[in-house]
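Visitor: If you want the building blocks of each chain, they are given just below.
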Amino acid sequence: MINILVEVRFHGRGGQGVVTAADILAVAGFKDGYHTLSFPTFGAEKRGTPVASFLRLSDKPIVSRDEIYYPDYVVVMDPTVIGPVKVEAGLKPEGKLIANYPKGSEDLKRAMGVDFEVLTINATKMAMEHLGRPITNTAMVGAFVGATNVIKLESLVETINEWFTSKELAEKNLKLVEEAYNYMREVCGW
Amino acid sequence: MKKVVRGFYSIAYSVKLCRPDVIAAYPITPQTEIVENLAKMYADGELGNCEYVTAESEFGAASILVGASATGARTFTATCSQGLILMSEVLINAAGMRLPIVLVNTNRALSAPLSIWNDHQDSMILRDAGLMQIYVETNQEAHDMVPVAFKVAENPKVMLPFMINMDGYKLTHAYEPIDLLDQEVVDSFLPPYDPPVYMTTKNPLTFGCYAPPNYYAEFRVVLQNAMERAEKELEKAYKEWAEITGRDWGGHVVTEGVEDAELIAIAMGSLTGMVRNVVSELRNQGKKVGLLKIRTFRPFPAKEIKEILKDVEKILVFERAVSFGYEGPVGMEVKSACFGLTPEFYSFAVGLGGRDVPGEEVMKIINEVYDGKVKQGFHFGTVKPFEEVVV
Amino acid sequence: MVMKITLGGVSKPHSSKTMKTGDWGTEYPVVDEEKCTACKTCEYLCPDACIVVVEKEDGKKVAVPDYDYCKGCGVCFSVCPAGAIKMELKEIYKLEVC
Ligand code: SF4
Ligand code: SF4
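Protein chains in written order, with our numbering: chain A, 1 to 190; chain B, 1 to 391; chain C, 1 to 98.
The reader is advised that the hints may include incorrect statements.
Computed list of lysine to aspartate or glutamate pairs in DMTMM-like fashion (alpha-carbon distance at most 20 Å, straight line) [claimed, not checked]:
hint : chain 1 : residue 1 : chain 2 : residue 2
1    : B       : 364       : A       : 154
2    : C       : 4         : B       : 256
3    : A       : 60        : B       : 218
4    : B       : 3         : A       : 168
5    : B       : 2         : A       : 59
6    : B       : 364       : A       : 59
7    : B       : 384       : A       : 66
8    : A       : 92        : B       : 360
9    : B       : 157       : B       : 256
10   : B       : 3         : A       : 115
Simulated from the structure, these hints should not be mistaken for laboratory data.
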C-alpha cells in the first residue's frame, strides 16, 4: 500500500457529460485496481447551467463522501465556465488544471492570474472532428489520462468500449480519446 | 462480482435477487432511479412473476402493497421525503396489520422550503410508526441489507415493515465498485416468504379491523413485543449474513476506539465514514476519541448503547434532523438510553437540506467539544450569518 | 378466558349479513304505501342496500325497508320524488321531558 488518494474535480455545463466523465474514469480506475468513487454535484439538472462532478481514486476503501475542496486535478470541459465559476478553487499547489481552452495555456494562465500548472487542449474542435458534436467529455478523459498517468490508457480504452453500446460510437470516441491522450503526452513531453 | 454501479442500481439489483412478488412505486427524487431500474428489469422479464404497479401517488403505492402483502406477496417500494410522509398513514397501518413490506427510503429533507437534498428529517418523523429502521453507511451496505430486511420483516416472530434508510444523492447518486451478490447466495439466506396468515378470494379476511378501548391497548403491547423480538432476530440476521457472505457490517451498533475514549462521536448513515476518518486522525494525534455508529434505529439498541457510553466523559451526536421545539432526535434517544449516567452531552445538526459536510467541519466540531470550547446541548452546524425579520 | 390476539388482529370478516346494524340508527324510515310509485330511487341510493321495492300479495309494488340493517341515514327520505317516506324517531330516543 502506498497510500494514494487522488481527488479530481470536473467542471462544465449540464448536458456536456460532466458526470459521465467522472463515471468513466471511476470504472477505468477500478480496472486498474483502485477503489473509486464518483458523484455529481446535486443541483437542479438543467441543461447549460454550470455543474461539477467529483472523482476519488484510492488504494484504500473510500469513506469520505464530502465534495472535493482541495483537488489534485481540475478538469474543465467548457471554457465558458472559467470566470463565472472559480474552477481553480482549492487546487493543490502541485496540482494541475486541465482545460478545454482553444487559446492555449499561457493565455489561460494570464486570464486566470494563476501560476500552477495549466494544460490546455482544444477539445471542442477535436470532438467536432470525430463526433460532429461538441461533446467533450471523452476527449477530456483522454486528456486527463494523458496528462496525469493516474490511470492506464488500456483501462480507459476498455471502459470506453464497454460504455457505448453502439460499436460505431465506441470507435469514434476511442479515436477521440486517443488523439486527446497523445496530444497531452506531447504537451507534457512524455 | 465487483462492478462499478450507481447507488440506485445496487438497491434494484439486490431487490431483484430477493425475488419480490409485487413492487408498487411512485417516482420522487432522489429515489426514482431505484424503481426505474426495477421497472426496466421487469420490462426485460428479469423479475419472474413479479407484478410491477405504477401507482398514482405514494399513498397509492403503499396501499397497493398493503393489499398485496395481505395476500402473502413479498413486497417492495422505495420513496423519500414528502413521498414517505404521504405514505405514512398507510405504513403505520401496515405496521399494525403486521405486514412485512420492505421499503428503501433515500433520505431527503422535508418542505418547506422545498429541498430535494439529503438529510434525515423524513425518516425521523416515522420514528414512532412501528417500522423497523436501519441506516446504512455505504452502497455496499445498502445492497447487502435488502435481503436482511426481507428476512427479518418476514420472520414469523417479527412481521413488521422494514425501512432501509440510505442518504439521498450522497449514496444514491454515487458511482462506485459494488460486490454484487449472487442469486445462490441470496437464495441460501432468504427463503421464499411463508406468510403465517394471508387472504385469498376464497378465504376473505379482515385486516386492520377496529378495536374499541377494551381491546386496542393489547394490540399495541403486541406491537411493542414484536419490536423487542425484532432486536434479537435482526442481530441474528446480521450475524448470519456475515457468515454467508463474509461481509460483516456489525450488529446494531459498531464502535471504534471507544474503550479508552473521553469523547465518543455518534453518527448514522453516509456521514459515518467521514467521522470515522476524523476520529482516527485525532487518535493518531493522541486524542482520546471514539466512534459509535448506530445502524439500527428501530428497534433502538438502548442497552447496548448505554453499555458503550457508561464511562465516557463526553457524548457528541452528529444529527441530520431536528425535532423542532426540542433538539436532534438521535440525541434524544441516546440521552434517554443513557439515563442514570452523567456524561456531558453535545449534539450538532449538520448537513441539513443537503449542505455538504466537509471533513474540516467534522474535525472542528469534535475538537471544540473535546477542548471544552462549546456549551453543552444542541447546536446547529455551520450556518451563515443572517438576520431574522420578526415583525 | 384469556383474550387471544392473532397476528395483526387479522380475523374472519363478519359478513354483512351476520352483522346486523339495524340498531345503530336513531330514526327509521316509514313508507307511505299509498304515495309510493315503486320508482326504485330509494333502492338505488340507499347506502346499505336495505330498502328494496317488492311486489305485495295484492300485486302492488312498494318500497320496503329492512330494519335489521337500516342505519337510519335518511337518504331514502330525502331522495323520494313522491314524498312517500318519512323518518320517525325510535321509541327509545323519545325522552320524556318533565
Ligand atoms: S334510512 Fe338510509 S339506510 Fe335506512 S333504508 Fe333509508 S337510505 Fe337505507
Ligand atoms: S323513492 Fe319513494 S316512490 Fe320511489 S320506490 Fe322509494 S319510496 Fe317509493
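Visitor: Each of the hints needs a verdict: does it hold here or not?
Guide: Going down the list of hints, with the structure as the test:
1. Taking the CA atoms of residue 364 of chain B and residue 154 of chain A, the gap is about 42 Å. The hint is violated against a cut of 20 Å.
2. A C-alpha spacing of about 45 Å is found between residue 4 of chain C and residue 256 of chain B, which places the hinted pair above 20 Å, so the restraint is violated.
3. The hinted pair formed by residue 60 of chain A and residue 218 of chain B fails the criterion: a straight-line CA distance of about 52 Å is larger than 20 Å.
4. Our distance criterion of 20 Å between C-alpha atoms is broken by residue 3 of chain B and residue 168 of chain A, whose separation comes to about 24 Å.
5. Of the supplied pair hints, the one linking residue 2 of chain B and residue 59 of chain A holds, its CA atoms being roughly 16 Å apart against a limit of 20 Å.
6. Proximity of residue 364 of chain B to residue 59 of chain A is assessed by CA-CA distance (about 27 Å); at most 20 Å being required, the pair is judged violated.
7. Restraint check for residue 384 of chain B and residue 66 of chain A: the C-alpha separation of about 19 Å stays at or below 20 Å, so the hint holds.
8. Taken as a hint, the residue 92 of chain A and residue 360 of chain B pair is honoured in the structure, with Cα atoms around 16 Å apart against an allowance of 20 Å.
9. As the CA atoms of residue 157 of chain B and residue 256 of chain B are separated by approximately 32 Å, the hinted pair breaks the 20 Å bound.
10. This hinted pair does not check out: residue 3 of chain B and residue 115 of chain A have alpha carbons roughly 39 Å apart, beyond 20 Å.
Against the hints set out earlier in the document, violations occur for numbers 1, 2, 3, 4, 6, 9 and 10.
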